[in-house]
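Keeping the supplied structure of chain V fixed, place chain D upon it in accordance with the hints.
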Amino acid sequence: MRNLFLFIITSVFAISCIRINEPVVIDPVKLRVSPNGFFIVNEGNFGWGNGSLTYFSYDSVKTYNNFFEAVNKRPLGDVPYSMIVYGNYIYIVVNNSEKIEVIDRLSLESKATITGLISPRNIAVTGDHKAYVTSMYSDSLRILDLKTNKISGHINIKNSSEAVVVQGKKAFIANWIGGNEIFIVNTDTDQLIDSVEVGPEPESMVADKNGIIWVLCNGGWTRENFAELIGINHETNEVVKQFTFPSRMNSPLNLTRDSDGDTLFYIDEGIQCMNINSSVLPSSPFIDRGNKQFYRIGINPVNGNIVATDALDYQQNGYFMIYSGKGAFVSSHQAGIIPGNICFLVNPGHTTE
Amino acid sequence: MKYSLLYLFISVPVYLSGQQDTIPIREIIITGRQIPAEIPGFKKTSVDSLFQNNYSHLSFAELLSESSPVYIKSYGYGGSATTSFRGAGASHTQVTWNGININSPMPGQSDFSILVPGMSDNIHLSYGGASIYTGSGGFGGSVNLENKPVWSEKAQFYLSTGTGSFGHYSGSVRFRTGNSHFQTVTRLFMNASENNFPYINDVAASEPVRETRKNSRFRQNSFLEELYYKKGSGTLSAMIWYQSASRNLPGSMLMAQSGSGEKQNDESFRSIVGYESGKGKINYYLKGAWLVTNLDYTNRIASINSENNTNTFALKGGLETKIKSSTTINVTFNDEYTIVASNNYKENIFRNSASVTLSAQRKTGNRFGTSFLLRGIIDGQSLLLPDFAAGIEYRIFAYKDHFLKTGFSRNSRIPSMNDRYWNPGGNSSLKNEYALQYEAGYKLSRPVTESFTADAEITVFSTLVRDMIQWQPGEYSYWTARNIGNVNASGAESVISLKYKYNKINARLNAGYSFTRSVSGKRDDVFHTNQMMYIPINQANSSLNISRGRIYFFWITDFTGKRYITVDNTGFLPGYVLNNIISGLKIDLRKTSVDLNLRINNLFNSDYQTIAYHPQPGRSYFVTISFQMN
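Protein chains in written order, with our numbering: chain V, 1 to 353; chain D, 1 to 630.
Treat the hints as calculated values from the structure; they're not laboratory data.
Incorrect hints may appear among the rest.
Claimed, not checked - Derived contacts from chain V toward chain D, CB cut-off under 10 Å, selection only:
(1) Gly49
(2) Gly51
(3) Asp313
(4) Tyr314
Glycine included, C-beta positions come from ideal geometry on N, C-alpha and C.
Chain D extracted, bound-state conformation:
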């Protein structure tokens, strides 16, 4: 009770989350082991699970923009959102779900506004060349969603419901049960909002007008079922994931609020059946997946009714063997067969692409780590130039976690189905895009005192994208896809993480800054040095997370620098800073844990846009109450 009162009186509390179900143990830094990098020479991170839990009612778009150097270009809450890793384009981000590519085959990208963080246990981000280990085409990087069983005899039921500003309400359920051989996990998620926030429109008429966002309602549902069966060292798994989203699409501030009645319905059904054998000298896995997407777009005034359906059958398998304890060799194959039926294509389209990958990691002693990958890809009848990656990582001082690393890779991307077959403008004779990527970095992890540790990493990178596909006006009155673009993206990313623990107080500060120069390079024999549109040169974010006992608090700051909105860089959107806070209280009632949580978005009511003339909401509130029963 005293904690409840404390929570009520301190609207901006300065404490955070005690995990009552965890046993505190003293932190031990082991430094005499092999280098810890999963892929020596490359950068791969995971989203902090605490952070992920607090974004379970939001989308990936919010999660990534506030916790990573990934830039999110969004039409606003519920509106479509695409990513840019390291200055690359939206179609250069691969998204995988348990190793299976789930990018929509039509545009070749994912809408991060309808992906829900709560549908996966872990979220891994692979930057630049690291993404090639999960699949090709992620010149910028990849987002990898992972579901993993917990082999526990205990059942767990989690229920969370929330409501907030602008008619926003959501609910989620997770139920986990099983034993040491069988596990099942069920997840449900529902999210809806009127999204009718007020804003000042100072561009549509002579005098600024206070308007309310209209035609921006959205609703989404998600259901995921996981089944695992373990016998000996093998695990059989089956998962299905259904997701639907219905969204009204508001126009820009330059359009009349009556709108055009634009609406989009997305529906996806994903299923994976797999078998994995582990813990032996030779491990292997085999997965089969069936992925279905439906996207219907309607524009009442323009009489557009676009209906798009895709079916993808994927088969993926891998074999891993260890030579002594220092070298791991992997061979994987992947085949994707896609069928697209769209009233924007002349006919139903079938495509098959397959790849075979050989990769190896060698960790010599406790100082050296190297990685190597070679991949052959067959697209239809064509054998592509092979992709490859090579990296090396070196521990600078024996027994201390200071690492230098560098990696180089060649990555290729098969044109999306829309690039090839959209009618009009699709170009079936497009070449593949490819990128040459280089990166180098320094990483450290060290205990400063017994209760204080620091981790830091800085990476410089360069990505040269060639034969980039761009849609441009052709000889007729419509746009066509062509291999005409080059993009040279380079920059630096830095991140620091400080952890402090004293008695019941846990504090963690994560801060990151990225500098990205992304220019269109040489085109038509002219070298262009203008920054690519909608790629911020400077971006930073930080999160301060403090907990004491059952009270927790997050302060999240996200800075996005100036973004140019014209090719010649004469027009731009100014930079902005967003501050969000999350505070909460956990109460234990026998076997049930209750979590009361308040989130304030855009604390200082910043006026900002991520896409020109598309307003974003000011300060908003969201309250959740969650129950977890063990």
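Just chain V, same shape as in the assembly:
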């Protein structure tokens, strides 16, 4: 009996020492999405206000289109572009409506609308209840206070900004349109501390497991330059990897990575896959393009599934395809117009296979 008592005491103590994520309190009445699935931000056509939000549930293997409007009885906005999940909330950046919609992560009910932004593009959490928002048409980043859902400041980088990756106490900001630099901001002081010259038009970025910041420079739409894939050491801010694409016609986009951080994926005439230690760019696609217009890809952080969107003719509703981690086709589903960035909301152990 004494041993049993000791066992219970030590067990309780041991369990209390294990750090676990704050449990999500699910209100069954408000629950509208299974917590295992992913969102797709459908951009819609610029100026037409037909962007929307799609959710795919792993549990029911069903797709729910136009979810935001169904719940909130109003359109999401003009060109919703990206989103993140932070705590109990989802932050959807709506580019041409110059706002961020804050919605409950499970009920999808609107909680706040952050305005006062100029052509916002991407959002990244940089600290406790703090985020940076990049801007296509302004010279500064906006700092958000995620507790109050207000703009708390800005950081003037004197250039437009697109992709943002946070590594340690640094935020790496890509100057995409007409640019060739990565700006580095100290996330504690919110000060611009450095910049790194890369190839023309750095479009997307990821950090690998070694802390290398990989930058995909698509070369610019005029096809006058070669696209490049560049690796930056996040501590020294030096370029440590550099790959040049073979033809000016290569126009790669949407660099992403797997959950282990040792494999890179991007779109370039199909979906390309490359180990971070590879000394050459992939010579053939991991997934053939076929007749698809691949627009965005995302890698399921739990099971390694590859989700790719197909924008079709950019006017009618597009599709998304789910491929296994080995590149085998699993299923295809309809999304909204110009299905874009993908945001996962998954629990370990769920697969679609």
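Below, chain D alone, put in the same frame as chain V:
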């Protein structure tokens, strides 16, 4: 005075306009003549001059949407407005000014929000195949603006000024003088509005918000000078038309009201010198035109400053001869040389296109009329497949105005300069679009009683557009122009016009309904049956016009049906009905006639949109006072 009081007390009077300067004559219906159609087999109408006069302070966009089956897609008052005739696209409407094509060569279309009805004497609408007689490319139809001299010894001065809701004010002047050999006409027009109307925004935030439209101010000016000299049967004419418009472009309701600072300045200078010989057995004309357009678009936030300049030199000539009294043969040639300088093109672009047209109309007896046209077009160095049209019209009963008609045509459109040279995305290897068009109709005109006449027309049409140019995403990150689209548009138009006259009362009811199915047809081996976006299936309008003595009244109703706003037809804008009224009083003071006019737009305060998320104003008022001195 008693009329003034009557007008003040009856806010919605039920009378309309007596033309004091006209002499009433008994209407005579002549039925034993040749068929009256200008182009047998095809449909051509003119905008009622009374209607046109009452829209002199508005734009073509308002005039056409309320008086014709033409659908206007507009961003709101002052915002750009494009047309759709018979389910075709905006670039498939040709606009001519005294026979010269004035569509902007860059987009290949016209903005109807900055064309002013008061700058021309007559407005003709040519539908479908009829448009080929004024030029190629108008698959849907064409709008033809005409200025004509009045060979009168009397000088006439007209001044009109008005003000209305949302900071809207306008003014126009027309001065006409001359004699039986020389005439000059000067027209000035100014129009400006803050356009800051209130609306409910129920899409931008969780709760509906009452907002005021911002960044939507516009101002436009227009000046037209006409000179005519007649000697014998020949007339020499010269015209210049300057027009400018400065507009702030508001965003959609989904955008923050602070806006992006979008602004557009349009400027055009058009001139025509011509000589016309008429009334003989052989008539001819020759016209030379120089057309200049400047369009500057700025978006402060996006750092866009788009500067576009075009110069077009046109030469057009024609020879008409009559064989007996039944057959008319025309030969015309047209040459357009265009230069475009734009910071959106890699370099300055030059283009020359020329055409030769042979056409004939034959009207046999009083029962038959036929028409035929054949046109060869050279675009740069390329000779295109010829365009043609053929029509036949038949009077069903001798001595009565009941007509059956049918027409068939092939029409082609050279890609616009933007389609070919816009950087990025322009495609210099585009093929021409072409359309095969068929129409058939029945038309009647008959007196019911001595004081009551009825006219009606119903037309069915089919237009198959092939190699249609659409801008679509290419392999890179920008859109490119390609010949990938097909559009099959078909439908029916009907119009009825009733006229009643009794003592001093004149009443006229015009009503029209159009049904248009416009589908994208076969693409990528898949046949699509979805309605094209922003083409209403059902559209109707009517105008009731009553006058008694010096008091006049118009009631205009415009119904626009559901319009789809997504390719798959899952999203749509609901239909709406707009009611506008115009009432006025004419007072004669010796040689001066004064016209007091009140217009109420959107009488029942309908909430509607013609483009998704772009609000339109609710009820608004506009008052004008006009003086005409003879």
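Going down the list of hints, with the structure as the test:
| no. | hint | in the structure |
| --- | --- | --- |
| 1 | Gly49 | holds (4 Å) |
| 2 | Gly51 | holds (9 Å) |
| 3 | Asp313 | holds (6 Å) |
| 4 | Tyr314 | holds (5 Å) |
The earlier numbered hints are all upheld by this structure, with none contradicted.
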